[in-house]
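Peer 1: In order, the protein sequence lines correspond to chains A and B. Take the numbering used here: the last position of the first sequence gets the number 115, and nothing is skipped along the way. Take the numbering used here: the last position of the second sequence gets the number 227, and nothing is skipped along the way.
Worth double-checking, as some hints may not be accurate.
Within a straight-line C-alpha distance of at most 27 Å, the following computed BS3-like cross-link-like pairs (lysine-lysine) qualify [claimed, not checked]:
no., chain 1, residue 1, chain 2, residue 2
1, A, K103, B, K137
2, A, K103, B, K183
3, A, K103, B, K186
4, A, K103, B, K172
5, B, K224, B, K157
6, B, K186, A, K80
7, A, K103, B, K157
On the chain B side, residues computed to face chain A include the following (Cβ under 8 Å) [as the list claims (entries may be wrong)]:
no., residue
8, D132
9, S133
10, P159
11, Y208
12, K214
13, Y215
14, G218
15, G220
Reference listing, derived: stretches of chain A covered by chain B, where coverage requires no fewer than 3 residues with Cβ under 8 Å from a Cβ of chain B [unchecked claim]:
no., region
16, 29-43
17, 106-114
Honestly, the hints are just simulated from the structure, not real lab data. The C-beta atom is built at its ideal place from N, Cα and C for all residues, glycine as well.
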Amino acid sequence: SQTIHQWPATLVQPVGSPLSLECTVEGTSNPNLYWYRQAAGRGLQLLFYSVGIGQISSEVPQNLSASRPQDRQFILSSKKLLLSDSGFYLCAWSVPGGGTNEKLFFGSGTQLSVL
Amino acid sequence: GENVEQHPSTLSVQEGDSAVIKCTYSDSASNYFPWYKQELGKRPQLIIDIRSNVGEKKDQRIAVTLNKTAKHFSLHITETQPEDSAVYFCAAYTSGTYKYIFGTGTRLKVLA
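Using the sequences plus the hints, can you model the full thing?
Peer 2: Encoded structure:
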């Protein structure tokens, strides 16, 4: 069966520090991968998505970036964190292709606090 | 760009009553509509979904309806229980874009 791993679960970082969040998926090949951010008490904002290795689409211009160095690995990065980067970051995956394959599954999330 | 509007933002019901959450999407090419339940500090969990070629789907106490003409879909929870209390999100997916666009969420409180 497929599983998604996301770490760390919580992170406290000072303003101006770098960030690296990692997500890996097991049990499937060539998944579509996503990064969402959820501000406290708010909705799910799509940040980046990837349909293949090295292919990254950005939805929101900001000081974050994403990379997909391997088929089932998705990384969210920042060179210098801002206070506004605080939030709950969720990685997600799906296997598109019609039929019953559009289901989107989330990782357990990373609670990031920028102080 | 694509947009999903969700109402209401908060909903309180008495245990045993029904709850209805409504969403409207903007992209007429959207073809898949999932609903998620999120408990505090946890990941969103898929609870039910519907495809554009279906008008209604039911799973025990939960049902979803879709009106493609109006670009409107709804979640119906019957015989609500305290454990149904959570934040619910709707989403719209369009195959050609690979994007899942979420509504802003509804905080459901079931009062015992």
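Peer 1: Looking at the structure, which of the earlier hints fail to hold?
Peer 2: Of the numbered hints, 6, 8 and 9 do not hold.
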